[in-house]
Amino acid sequence: MIGIVRPEKANDVLEALYRAEVRGVSMSRVQGHGGELDRVETYRGTTVKMGLAEKVRFEIAVSEPFVQTTVDALLSGARTGEVGDGKIFVVALDHAVRIRTGETDTGAVTPVGA
Amino acid sequence: MIGLSAVPLAAQVNAGDTAWMLAATALVLMMTPALGLFYAGLIRAKNTLNTFMMCLGAIAVATVMWAAIGYSLAFDDGNGFIGGFGYAFLNGVDFTPRDGTTIPHLLFMAFQATFCIITVALVSGAVVERMRFGPFLIFAALWSVLVYSVLAHWGFGGGWLADKGTLDFAGGVPVEMGSGFSALAAALVVGARKDYGRQALLPHNAVYVLLGAGLLWFGWFGFNGGSGFSTGNPGVLAFTNTLLTPACTLLAWFILDLLRGRRITAIGAATAIIVGCVGITPAGGFVSPGWAMALGVLAALPSYAIIVWRPRTRVDETLDVLAAHGIAGFTGILFIGFFAQVSWNGTSDGLLYGNASQLGDQALAAIATPAYAFAATYLLLRAIALFTPLRGSEREEALGMDIVHHGEEAYASGEGAILVSPEEGAEAEVLVADPG
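Sequence lines, in order, name chains B and V.
Numbers 0 to 113, taken from numbering that gives the first Met the number 0, label the letters of the first sequence in order.
Numbers 0 to 435, taken from numbering that gives the first Met the number 0, label the letters of the second sequence in order.
Hints in this document: simulated from the structure, not taken from any laboratory.
Quick caveat: nothing in here was measured; it's all calculated off a predicted structure.
Check each hint, because a few of them may be wrong.
Stated by the list, open to error - No more than 20 angstroms apart at the CA atoms, straight line, and that leaves these computed lysine to aspartate or glutamate pairs for EDC-like:
| no. | chain 1 | residue 1 | chain 2 | residue 2 |
| --- | --- | --- | --- | --- |
| 1 | B | Lys48 | V | Glu393 |
| 2 | B | Lys48 | V | Glu408 |
| 3 | B | Lys8 | V | Asp98 |
| 4 | B | Lys8 | V | Asp348 |
| 5 | V | Lys193 | B | Glu7 |
Claimed, not checked - Distance windows between CB atoms, simulated:
| no. | chain 1 | residue 1 | chain 2 | residue 2 | range |
| --- | --- | --- | --- | --- | --- |
| 6 | V | Ser392 | B | Val111 | 37 to 47 angstroms |
| 7 | B | Gly34 | V | Arg311 | 50 to 60 angstroms |
| 8 | B | Ala91 | V | Leu257 | 25 to 35 angstroms |
| 9 | B | Val82 | V | Ala22 | 24 to 34 angstroms |
| 10 | B | Val111 | V | Ala59 | 22 to 32 angstroms |
Yeah, the Cβ is synthetic: ideal placement off N, Cα and C, and Gly gets one too.
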């Protein structure tokens with residue numbers, strides 16, 4: 000699952016995921032454009048439209064029963080109700096392997112001790 | 000010639016003193032951008048420019064207010080509480096020596112202006128990352144007169160504390176306690192940042208903090224060393240003590256850091272430099288070099304304790320102006336009451352050298368200044384809040400003050416930036432995801 004959210008909501012998303020007991024998460028900073036209005040900035044005589052906005056991209060691999068919980072957590076953490084809140088893409092995962100143990104698929108994405 | 004010599008000679012402008020005070024004034028002015036660097040490093044990246052701009056804003060409004068009425072209310076003869084309007088708009092402030100000094104009155108005014116400026120800038124540390132820029136400028140303008148000028152009159156300008164005999168070499172009363180206790184009031188009125196206590200709010204650039212602290216220390220040699228208004232002994236003593244005291248505070252801070260966390264921290268060291276410089280500010284020209292070193296160690300203790308304790312409270316006095324300035328200034332003011340020595344300062348002894356009344360005079364300043372600074376700042380901000388909101392929406396705070404108030408970013412990458420003509424830009428002034 001891929002979630003693209005506002006950087007200022009990233010901490011709220013992490014908190015929501017933690018509460019939903021989703022433990023395996025990667026995040027990265029990205030720049031993108033999702034239909035929001037451009038921000039205008041001025042540096043001395045130079046005025047620019049910032050076509051790309053800072054976003055945070057979460058990548059989360061979960062087993063089937065956790066899909067809806069994870070989507071709900073992303074929604075609750077990332078939503079402000081204004082244009083620019085981001086997207087969630089749920090995509091099928093062909094195969095997953097936990098490097099340490101060699102466990103595959105569901106076993107690989109189930110948190111240790113869960 | 001005989002007739003002339005019977006008339007008491009008016010004090011003359013002294014070239015050496017004037018040369019040093021010109022340099023000292025420039026050194027003190029540099030402290031405000033240095034403070035901007037120090038503060039900007041301590042906050043999150045999205046508020047870098049706004050935090051720095053509060054310091055530059057202080058230079059703008061405090062200088063104008065100072066020239067208009069601030070200097071007059073601080074340094075003209077008036078009553079014990081506040082000065083008069085005799086020097087308003089710098090009327091009569093010219094090349095003749097300022098009373099009690101051998102430097103031109105105009106230069107004396109400029110030197111004192113730089114003190115007013117940095118004190119206003121210091122208070123901003125309590126409200127960074129959330130206070131709106133416009134209301135801050137209004138606050139800064141009014142505060143520089145209603146609080147700074149009043150306290151400067153008390154301590155320096157012939158007001159009631161100076162009359163009583165309170166010793167304050169370079170501004171423990173107006174600058175340090177004035178800013179520190181005002182900062183506490185400002186933090187209470189403006190309120191905590193929305194993320195305070197929920198998220199870790201970390202310094203975004205520790206190197207800015209260290210560089211800012213280093214430049215502040217450098218500038219402080221003008222601040223304390225210039226407060227004798229001459230190249231004479233008090234200034235030389237204060238200058239040297241400005242080296243000795245912060246060095247001792249640094250060492251004491253290292254030890255406190257080791258005891259508490261087993262590691263000596265860099266941001267702790269930067270803070271220690273400030274605390275040491277503040278501690279010696281009131282005492283610089285009054286205590287021996289030995290006692291100045293003792294003060295460095297002593298001043299670390301209460302400030303360190305409050306810096307550790309304050310973030311556990313709900314008071315978001317963001318950059319700990321109270322601990323670093325208010326409390327260290329308080330320590331320095333009281334320290335004079337114990338350890339001042341006539342043999343070093345030519346003015347007065349402290350309790351340890353047999354003059355208990357000096358401690359009483361110092362204690363008076365240490366009670367009256369915080370009370371006035373806190374109360375006046377609290378009421379002033381409450382009054383401004385009746386006319387305009389002091390802070391923006393949660394959304395604006397989340398986006399960051401740089402984009403919202405200045406339309407710039409400190410670390411703009413330029414990726415995805417499309418060049419527009421200024422005319423077009425003016426029309427298209429919209430923020431990301433503007434709900435309108």
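Cross-check of the supplied hints:
1. B:Lys48 x V:Glu393: violated (24 angstroms)
2. B:Lys48 x V:Glu408: Within the cut-off at roughly 13 angstroms; holds.
3. B:Lys8 x V:Asp98: Violated, because 59 angstroms separates the two Cα atoms, which is more than 20 angstroms.
4. B:Lys8 x V:Asp348: Given that 20 angstroms is the threshold and the Cα spacing comes to 59 angstroms, the pair is violated.
5. V:Lys193 x B:Glu7: holds (12 angstroms)
6. V:Ser392 x B:Val111: 37 to 47 angstroms: Holds, at about 42 angstroms.
7. B:Gly34 x V:Arg311: 50 to 60 angstroms: violated (43 angstroms)
8. B:Ala91 x V:Leu257: 25 to 35 angstroms: violated (54 angstroms)
9. B:Val82 x V:Ala22: 24 to 34 angstroms: Violated, at about 55 angstroms.
10. B:Val111 x V:Ala59: 22 to 32 angstroms: Given about 58 angstroms between the Cβ atoms, the range is violated.
When the structure is compared with the earlier hints, violations turn up for hints 1, 3, 4, 7, 8, 9 and 10 and for no others.
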